[in-house]
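Enquirer: Quick mapping for you: the protein sequence lines, in order, are chains S and X.
First residue of the first sequence: 8, per this note's numbering; consecutive thereafter.
First residue of the second sequence: 8, per this note's numbering; consecutive thereafter.
Since the hints were derived computationally from the structure, they do not count as laboratory data.
Take the hints with a grain of salt, since some may be wrong.
In this list, chains with the same sequence are indistinguishable; a pair is considered to hold if it fits within one copy or across any two.
Claimed, not checked - No more than 25 Å apart at the CA atoms, straight line, and that leaves these computed lysine to any residue pairs for SDA-like:
#  : residue 1 : residue 2
1  : LYS222    : LYS294
2  : LYS166    : ALA146
3  : LYS166    : GLU113
4  : LYS38     : THR9
5  : LYS245    : GLY268
6  : LYS294    : GLN46
7  : LYS294    : PRO265
8  : LYS294    : VAL267
9  : LYS294    : PRO276
10 : LYS294    : THR246
11 : LYS210    : LYS222
12 : LYS210    : GLY268
13 : LYS150    : HIS213
14 : LYS150    : GLY173
15 : LYS294    : ARG231
16 : LYS294    : ASP44
17 : LYS245    : TYR287
18 : LYS38     : ARG302
19 : LYS222    : GLN289
20 : LYS245    : THR295
21 : LYS245    : GLN297
There are 2 protein chains.
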Amino acid sequence: MTQILECVPNFSEGRSPEKIERILQPFRGQKGVKLLDCQRDADHNRSVVTVVGEPEALKTAVLAAMEAAIAVIDMRAHKGQHPRMGAVDVVPFIPVKGVSMPEAIELSRQVADAAARRFNLPIFLYEESATATHRRNLADIRKGQFEGMPEKIKKPEWKPDFGPVGMHPSAGVTAVGARMPLVAYNVNLGTSDLEIANDIARKIRHLSGGLRYCKALGIELKDRGIVQVSINMTDYTKTALYRVFELIRIEARRWGVPVVGSEIVGLVPMAALIDTAAYYLQLENFKTEQVLESRIYE
Amino acid sequence: MTQILECVPNFSEGRSPEKIERILQPFRGQKGVKLLDCQRDADHNRSVVTVVGEPEALKTAVLAAMEAAIAVIDMRAHKGQHPRMGAVDVVPFIPVKGVSMPEAIELSRQVADAAARRFNLPIFLYEESATATHRRNLADIRKGQFEGMPEKIKKPEWKPDFGPVGMHPSAGVTAVGARMPLVAYNVNLGTSDLEIANDIARKIRHLSGGLRYCKALGIELKDRGIVQVSINMTDYTKTALYRVFELIRIEARRWGVPVVGSEIVGLVPMAALIDTAAYYLQLENFKTEQVLESRIYE
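So that you can see chain S by itself, here it is in the shape it has in the complex (with noise of 0.2 Å):
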């Protein structure tokens, strides 16, 4: 695989395993594309799925189960606790290797184009996606949720940008796009007082002055009697990991408190660890194809 995009839809259907794998089953055994997980949760009544694949296989299978999720899901009926507004709720696309942001954001306009025709199905485009600086958060265009879109997507900001100006009855409305792979990265701090992790967080988040791609909050461990600075990194290429630890570093020194370790939660890219290695080496002039992995599988 020359070119290789990350998937990640979210399904409004977390509790029935013969629907979800109605959902998934487009992903499975076909050529050029690799289901890697499947996360389902009752509670939020909503299934997020990672898949990888080359552009053309990945396009293809993203819109067979977006049509079998159309086909088991009637929003009309669906509870859960995360905000929805749609059976196929959001589909962003990630370049991972060979891909440009443009490719992947022309790949995600030709997915929504094509099943707006297909469904019947009113379609935001965002984040990098978007038409317009107001469509381009997520929680944005999902105000409101399932039930108040009706009245949302007659208002003229709101009108979808494919597919009908008016809901798919059973199936709602779908946010597609493109955006970068995040990263969730926790740092945690020796000390119990959460006030210490929520000062941090705010210094280095981009909402209060901080790191341009970095989202950050302070949590509490208890089990540990210790408190977490949690990281959301939206860009890694452009505010780097290591930049971020050290930043977190620095703030806690004013505190005393020391850094005692951190985590990175599920996937990470691998050019996120090796930048990480090559500023710390201080290394010159490295290749990410000077890994031998990256030899053996391109």
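Since chain S is already given, all that's left is putting chain X on it; use the hints.
Expert: Leaving out everything else, chain X in the frame of chain S:
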């Protein structure tokens, strides 16, 4: 590929493109085998091939390449600057993924046994596969070279591990074994004083009291006006990259000399860099399976 080995066979032919191509042929277009590199050197009259593959497929391909080399190379007419003792001079197998060192040793023994029978070739097992301490080091085995081998292998302590106790007339003798991947790593110092690089090299290398799997020497980079500690890491899983780097930094401090950079020459296993990132970020419970690429290709 769930199990991957690397093989870096050295052939005593570095001039004739036709002969080299014939030797490489068994590595091309074979399922389960991938040719990564072939560095031919006319002065050395030698080619160093890098190939990876699944155990059985790699074994078959390596034996076929040995057969081709023995057919096209006549050591009686061989001249070159690099020490050599056979048409197929040395065949190291390196575990890369899902293969233990004992498994790599067993595979090297199978290849040695098969080659000895098929080509009537005397073979020494070396490095991790060696059957005696004095046979571990390739330089010790090769001492005397092709011209001195007829006498050398008559001595009881140099009886070949497989094959006849006598030279192959045109192909000489071959060493086969298993070893860890080598990482060629250099650290640059902000001084032109070679004695400082040599002093630090002496302190960090195994030979003179330093780290177990570290070879080092001082080198001048005249065009940059600086010096370098040039390192060969013979087992990065036991002597970590970051430990060598930090030890050099500590020793440089006593000279008031800064570390201005470092470089990795050629290929490096992903795990060596992830290990480094994990150290500096103080990562807790990180698993290689969390690297997105390792999941895609597993």
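Enquirer: All the hints need checking, so say for each whether the structure fits it.
Expert: Consistency of the hints with the structure:
Within a single copy, LYS222 and LYS294 get their C-alpha atoms only as close as 29 Å, which misses the 25 Å cut-off; across copies the closest is 24 Å, which meets it. In this assembly of identical chains, the alpha carbons of LYS166 and ALA146 lie at most 25 Å apart only when taken from the same copy (16 Å versus 75 Å across copies). For the identical chains of this complex, LYS166 and GLU113 are intra-copy neighbours only, at 20 Å inside a copy versus 67 Å across copies, given an alpha-carbon limit of 25 Å. Proximity of LYS38 to THR9 under the C-alpha cut-off of 25 Å is found in both arrangements, the shortest distances being 14 Å within a copy and 18 Å between copies.
Taking CA atoms no more than 25 Å apart as the test, LYS245 paired with GLY268 passes in both settings, with 23 Å inside one copy and 22 Å between copies. With identical chains, the CA atoms of LYS294 and GLN46 are at most 25 Å apart between copies only, with a shortest distance of 19 Å across copies and 34 Å within one. Taking identical chains as interchangeable, the C-alpha atoms of LYS294 and PRO265 lie at most 25 Å apart only when they sit on different chains, with a minimum of 24 Å there against 33 Å within one chain. In the homo-oligomer, the alpha carbons of LYS294 and VAL267 lie at most 25 Å apart only across protomers (19 Å), although the nearest pairing inside one protomer, at 31 Å, exceeds that limit.
Proximity of LYS294 to PRO276 under the C-alpha cut-off of 25 Å is found in both arrangements, the shortest distances being 15 Å within a copy and 13 Å between copies. In the homo-oligomer, the alpha carbons of LYS294 and THR246 lie at most 25 Å apart both inside one protomer (19 Å) and across protomers (23 Å), since each shortest distance falls under that limit. Only within a single protomer do LYS210 and LYS222 lie at most 25 Å apart by alpha-carbon distance; the minimum there is 10 Å, versus 44 Å between protomers. Taking identical chains as interchangeable, the C-alpha atoms of LYS210 and GLY268 lie at most 25 Å apart only when both belong to the same chain, with a minimum of 19 Å there against 30 Å between chains.
In the homo-oligomer, the alpha carbons of LYS150 and HIS213 lie at most 25 Å apart inside one protomer (22 Å), although the nearest pairing across protomers, at 63 Å, exceeds that limit. Taking the shortest Cα distances, LYS150 and GLY173 sit within 25 Å of each other inside one copy (16 Å), while across copies they are farther apart (83 Å). Taking the shortest Cα distances, LYS294 and ARG231 sit within 25 Å of each other only across copies (21 Å), while inside one copy they are farther apart (39 Å). Within a single copy, LYS294 and ASP44 get their C-alpha atoms only as close as 30 Å, which misses the 25 Å cut-off; across copies the closest is 16 Å, which meets it.
In this homomeric assembly, LYS245 and TYR287 come within 25 Å of each other (Cα to Cα) both inside a single copy, at 17 Å, and across copies, at 20 Å. For the identical chains of this complex, LYS38 and ARG302 are neighbours both inside a copy (21 Å) and across copies (16 Å), given an alpha-carbon limit of 25 Å. Taking the shortest alpha-carbon separations for LYS222 and GLN289, only the inter-copy value of 20 Å comes in at or below 25 Å, while the best intra-copy value is 27 Å. For a Cα distance limit of 25 Å, the shortest separation of LYS245 from THR295 qualifies both inside one copy, at 17 Å, and across copies, at 23 Å.
With identical chains, the CA atoms of LYS245 and GLN297 are at most 25 Å apart both within one copy (22 Å) and between copies (21 Å).
Checked against the numbered hints listed earlier, the structure breaks none of them; every hint is satisfied.
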